[in-house]
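Number of protein chains: 2
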Amino acid sequence: MSCNKIITITRQFGSGGHEIGEALAKRLEIPFYDKELISLAAKKSGVAPEVFEQYDEKAANSLLYSLSVGLYNYGNGFSSVGDLPVNDRLYILQHKIIKELADKENFVVVGRCADYVLRDHKNLVKVFIYADIDSRVKRAVDRHDIDPARSKQAVIKADKARANYYSFYSGKKWGLADNYDLCINSTNLSTQQAVEIILSYIDIIDKK
Amino acid sequence: MSCNKIITITRQFGSGGHEIGEALAKRLEIPFYDKELISLAAKKSGVAPEVFEQYDEKAANSLLYSLSVGLYNYGNGFSSVGDLPVNDRLYILQHKIIKELADKENFVVVGRCADYVLRDHKNLVKVFIYADIDSRVKRAVDRHDIDPARSKQAVIKADKARANYYSFYSGKKWGLADNYDLCINSTNLSTQQAVEIILSYIDIIDKK
Chain A
760 MSCNKIITIT
770 RQFGSGGHEI
780 GEALAKRLEI
790 PFYDKELISL
800 AAKKSGVAPE
810 VFEQYDEKAA
820 NSLLYSLSVG
830 LYNYGNGFSS
840 VGDLPVNDRL
850 YILQHKIIKE
860 LADKENFVVV
870 GRCADYVLRD
880 HKNLVKVFIY
890 ADIDSRVKRA
900 VDRHDIDPAR
910 SKQAVIKADK
920 ARANYYSFYS
930 GKKWGLADNY
940 DLCINSTNLS
950 TQQAVEIILS
960 YIDIIDKK
Chain B
760 MSCNKIITIT
770 RQFGSGGHEI
780 GEALAKRLEI
790 PFYDKELISL
800 AAKKSGVAPE
810 VFEQYDEKAA
820 NSLLYSLSVG
830 LYNYGNGFSS
840 VGDLPVNDRL
850 YILQHKIIKE
860 LADKENFVVV
870 GRCADYVLRD
880 HKNLVKVFIY
890 ADIDSRVKRA
900 VDRHDIDPAR
910 SKQAVIKADK
920 ARANYYSFYS
930 GKKWGLADNY
940 DLCINSTNLS
950 TQQAVEIILS
960 YIDIIDKK
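Going line by line, the protein sequences match chains A and B.
Offset between the first sequence (1-based) and the numbering used here: plus 759.
Offset between the second sequence (1-based) and the numbering used here: plus 759.
Only chain A is shown next, with the shape it has when bound in the complex:
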């Protein structure tokens, strides 16, 4: 199946967004980026991937301030971001990598405010995947190493971190339908069904 789109997937924790994105990329035969962006950022910067991993999709307080007072030249690449906190450095590196990738190929990318980073790209499909809290807690316990007794709290906390990250870097409110082209509640869907819904959406929007 061919694809002339870049698809960004924003997902609530435990909604299955990662699996859906991965399966979608496989069906479309295009690359899939999630944690892979950390490896790419690490390779470009020389920072150990393990260090970046701790800070992935977590907001810092300093970036907007640094940008507003012009502490560094945003367009000048990596050397200029050396003094920033790790999460801001990672955001800027991932942002740059996502833009570079978008100039040369189509792909599916999960998280990392990619919908915001690529907002001016003309063949973008922005998808939001979410689910009821109970099904997300169940999935989190099944798939991640989370203590069942604290699972609900952990899911809410993980979501809050993603929401803060998204709002901090994009200035938009996480979870509002307006930010996306298509929002899918995955509560009662298999990964395959969610993939089919996105594929048929892409198919329909291409027919004018």
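It should be emphasised that the hints constitute simulated quantities derived from the structure, not laboratory data.
Some hints here could point you the wrong way.
Copies of the same chain are indistinguishable here, so a pair counts whether it falls within one copy or spans any two.
Taking lysine to any residue and the SDA-like style, the derived pairs with C-alpha atoms no more than 20 Å apart in a straight line are [said to hold, decoys possible]: (1) 858 <-> 798; (2) 916 <-> 937; (3) 817 <-> 798; (4) 931 <-> 892; (5) 919 <-> 931; (6) 966 <-> 782; (7) 919 <-> 932; (8) 885 <-> 898; (9) 919 <-> 883; (10) 919 <-> 898; (11) 863 <-> 809; (12) 931 <-> 918; (13) 885 <-> 793; (14) 802 <-> 859; (15) 932 <-> 918; (16) 966 <-> 950; (17) 885 <-> 937.
Go by the hints and put chain B onto chain A.
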């Protein structure tokens, strides 16, 4: 095409949700309810449809208070709501009519918190239709009798009224993806494309 679903459509003003709902019902060969609910409510209550029309999808202040202090028996039908403001009476009548309809047939319904009213119905598909503000303003000027100079303000005001109505009666925040099964940005879609997306969604969720 057969359909074993009730489809509720919540829509931003000017997003084309009414037209999408109407075309969807036609394709599925099931009834469509929007303003039709006013005629049904008017017929049941004896109030003139023109009176109800003024108050349609507008929140009052009194209903929650009245419910909380037990001023009337909610389950007892229409005679007990005679002392309430018109918008509350209309909401209660529409609520009752929507539930009665859901017991006997499948349909497409637009607005009126139907997603909330029918929340326990097992074959419900809750759709949210929204669009960029500029395209909604354009549609509002094209289709409704709105002064172009004040059109943006009119659209924002109309949305605010719907949001208040929705939040007031459902206790949920308007526009959050979480409230729906499927949210579609209609900005760059024709009515027909939006209908196709909903049809293929229904088709996919029915395949287990």
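Exercise. Quick check: which numbered hints come out false for this structure?
Worked result: Structure breaks hints 8, 9, 11.
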